[in-house]
Structures are given as structure tokens and as C-alpha cells.
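**Q** With the sequences and hints as input, model every part of the structure.
Residue 467 in UniProt numbering sits at position 467 of the sequence shown, with consecutive numbering throughout.
Any given hint might turn out to be false.
As the list claims (entries may be wrong) - Computed beta-carbon distance windows for the label pairs: (1) Glu-149 to Glu-446: 28 to 36 Å; (2) His-179 to Arg-456: 13 to 21 Å; (3) Thr-221 to Gly-116: 35 to 43 Å; (4) Glu-288 to Glu-156: 16 to 24 Å; (5) Glu-178 to Ser-120: 25 to 33 Å; (6) Glu-288 to Asp-155: 23 to 31 Å; (7) Gly-218 to Ser-144: 49 to 57 Å; (8) Arg-464 to Gln-271: 53 to 61 Å.
Said to hold, decoys possible - Straight-line C-alpha distance at most 27 Å; calculated DSSO-like pairs for lysine-lysine: (9) Lys-473 to Lys-334; (10) Lys-438 to Lys-469; (11) Lys-438 to Lys-422; (12) Lys-469 to Lys-422.
Hint data in this document are derived by calculation from the structure and do not stem from the laboratory.
Every residue gets a Cβ at the ideal spot worked out from N, C-alpha and C, and that includes glycine.
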Amino acid sequence: MLMRLVLATQSRKVQRYLTENLDGSDVQIRTIEGKRQTWDRVVRSCGDIIVIHRSLIPAPEETGIALLNNLPEKPTTVILHESDTPEVYAGLVAQGADVVLHADVELEKLQEAVEGILESRRQQTLVDRFDRRGRMRPMIGDFSSASEEMRLFVDEVLQVVPSDSLLLILGETGVGKEHLARAIHAESPRSSGPFVSVNTAALPDTLLESELFGHEQGAYTGAVRSRRGAFELAHGGTIFLDEIGEMPLQLQAKLLRVLQDFEVTPLGGEQPIWVDVRVIAATNRDLEQAVEEGLFRKDLYYRLSVVSLTIPPLRRRREDIPAMVHTFMGILRKRVGRDIQGVSNDALVALCQYRWPGNVRELMNVLERGMLLCRTGVISLEDLPLTLRDTPDTATALFNTGLADEALPKAWRGKSLSEVKKEVFDEVERLYISSILKETKGRVGEAATLAGVHPRGLYGTMKRLGLRKEDFKG
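**A** What follows is the structure, given as C-alpha cells:
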């Protein structure tokens, strides 16, 4: 994040020296000169560090210092004073000043003090950034899979993680686009920087520009103080632009300009601000079709799609569902507050057969609902929504439909013959192995004898399908 240093001193020499000698691409220096409305401009400056002369703080002095300390940015205040008595120093500290220095302090010493404060705030930002909401840190390993398609996808992701290239993440609703963006950031060289997420579809046009680029005081009616935009907040890290396909056309042109120069100009501002960010965008829309329909700029699409990553939907990697169920239930137990141990075999089969139009997000919601409604220690078929209980699997659809009907099952539409064959075979294999494991109460040796295969081969198949012998015991 860019650090804003606000200088409100009576000495232009101090302002000029600090402006010329403070190092760091993450420091933005703002000087406030003159006595007219100086205090109001300081309060509304959105500064992280405020260096101010004591004479510019209105009376009562303790109220003014308290106001600075209670600003949303919680700035560090450095007060310069003319008196050289210990009583004045102690009084200013007692009123809430963070640092108190004599106005005639050597410029090198003042610079050292400010640099120390800057480094302290940088370190505090790092501490606050990790798990401050108590959430699990996203990792690329969260997308590990038994699916060959998903493994190839993860390999592709790992190749782009170390770079600073723009990324465009595509995929259906609920596949985990933001989770992937956070995981890429967490394992990239920018992991020590901030991750700022903006949903470009959640804000009206008039607010979205301010959200992205910030605004200065008085930029529009109601802008009573300056505000930093998402690009500035993401300095040194990653900005995630979700639902980029919904961005208004007039803002698309401004975004394209930012992506070319990485300079943002706040609303009402005159000077552009250089930002060091990696941009990751995501959408569930077909951007090529949106370009053809005139809803998305072609040049912005080409700029964003330097590297495109398409997350496979959950229905194309059903073999991952049993393992995901086990993982998600472990995460949800704390939120739900119930010690639900697992899922019955019938319920697990239903979960694996369902089409999951809402993908991973829908799966988590279904499991949370099942854990809340479950009357025993295991989620049963009755604890699942009716849509899951009444959905026939693809293999059943094959035999129920019949070739004479000449009707293609909905589950097969848009798929190649090889994809359909693989899906049907996997589901038949899963149902068969689940049934013999249930019959043998999870004893793999006996199940292998019934199936006429070697136990080692059955273990390999179970691993590929996400079946665990522990789920069938008892």
C-alpha cells in the first residue's frame, strides 16, 4: 500500500528537504502550505503520517490531537514545537502525540525519525495482513485434484505464479475464481504486499470510478475528504477485479489507460500517481461474445487476456467430490457448531451424481445445510435438498431414456462421445465399487475378490474415484 506523508509545517525548507531525500517508491508526500483552511485540509488529507507544526493545531490543543488520532487511517502524528521545555514535550505526549520534536531539529534527524515511522507502519501492515480475519490462507494446493484435466490446469497456474503478468481467470459461478486469485497472490513474490478485491458489478458507475482510482476533497458533492482508490491501496501487491465483464464501457477506457502506464489520477486530482500492482481479473461471461456485441472493448480484452486460466467446473471433476466433502466438513464444523462426522454412502452417491450448476460454492452451501439439519452424527440422503435426491445419475438416464426415444439426455448435451463414455464409465464404476465396499464393510481384500481384481488395483481405482474404505465401515 502507498504510504501518505502529509507535511503541514511553517518551513518550506523542511518540506523541500523531506520531499527530496525520503526514499521509497511506496511513499507519497503531500505538502500543505499557507494558513487558510490548513487544519481542515490536514484532517481530510487521508494521511498515514502527519508532520504538523504545533501552531497549526486549533485550540483546544488536546481536542485537535485527539481528532487526528481518531481518523479512519489512524495516522502517526509528528508535532513540531518551538518551546524547548520538558513540560511542553510531556504535555504534548500526554495529549496523544506519537512523536514530538523541536522545530529546529536537524533535518537529517527529522528524516531519520520519519523513516523510522514509515518502516514501523510497513511492518504493522504486514502483521495485520496475515490471517487477521481468522481465515485459512489460500494455497495453490487447495486445487489439487484426482482429475487429469484439473492437474493440467494446476500445472499451468504454477507456471504463471512467479510472474507479474496480467491474468484473466475464467469460469462458471462458484468455481473459486477469487480463491484462486488469492492463492496466486499468496504464493507469488508479492505475497508480502496487500491483496485488494473489487467487485466491479456491485457498485454503480458513479461510485466505481472513485472505488478504483480514489478522489480528492471536493471532487464531487459529498466528497468532504480525500479517499484512496483500490489501485493505490494495492501498491506493492495484487488487485483483483471481479466480474470484469460487467464494467461500464466508459470506465473500460480509463482502466485500459491504467493498465498501459500503471498511473492513476484520482477524481478531482491533477497529478497522476504511479502504482506498482499486479492485476488479476475474473469473469463468468464469454468476453469474446461480449466484444462482438459491443459490450466490451476489444483492446481491453486483448490487454487483459495475456494469460487466461479457465477453471474446470465441478461436474467435470466429480472424482474430487468425496475428498472435497471431507475437507469442507472439517472447515464447516467450527462455523456450524455441530460435530457431524461424515456423510452416508447414499448421500455421497447423490452428491457425486448431481450436476452442480453452482459448483464448489453450491457444494459448500449444501453441506452446511446438511450439517445444520442432520439429527444424527452422519448426513443422510434425507438431509440433502430435494434437487439432489431426485436427480438421476447419467448412467440411469442412459437406460431410462432408451435409444428408441431418440432423445439426448440433458447431462450429455455439449459433450463429445469420449467425454460421455468416460463420465458414464466412472459413475458405473463408482456405484459398483461403493456397493461392494458397503457389502464388505470397507474390507478391500474381500471387495477385490468379489470384483475379480487385484487388491492393489482396487486401491488405485478407489483413490482415483475419491472413495475411502473408512466411509464404508460399520
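**Q** Now tell me if each hint is right for this structure.
**A** Hints and how they fare:
1. Glu-149 to Glu-446: 28 to 36 Å: 33 Å, holds
2. His-179 to Arg-456: 13 to 21 Å: At 35 Å between Cβs, range violated.
3. Thr-221 to Gly-116: 35 to 43 Å: 40 Å, holds
4. Glu-288 to Glu-156: 16 to 24 Å: 20 Å, holds
5. Glu-178 to Ser-120: 25 to 33 Å: 31 Å, holds
6. Glu-288 to Asp-155: 23 to 31 Å: 25 Å, holds
7. Gly-218 to Ser-144: 49 to 57 Å: 52 Å, holds
8. Arg-464 to Gln-271: 53 to 61 Å: With Cβ atoms ~59 Å apart, the hint holds.
9. Lys-473 to Lys-334: Holds: Lys-473 and Lys-334 sit about 25 Å apart, inside 27 Å.
10. Lys-438 to Lys-469: With Cα atoms ~9 Å apart, Lys-438 and Lys-469 stay inside 27 Å; holds.
11. Lys-438 to Lys-422: This hinted pair holds, its Cα atoms lying about 24 Å apart.
12. Lys-469 to Lys-422: 23 Å, holds
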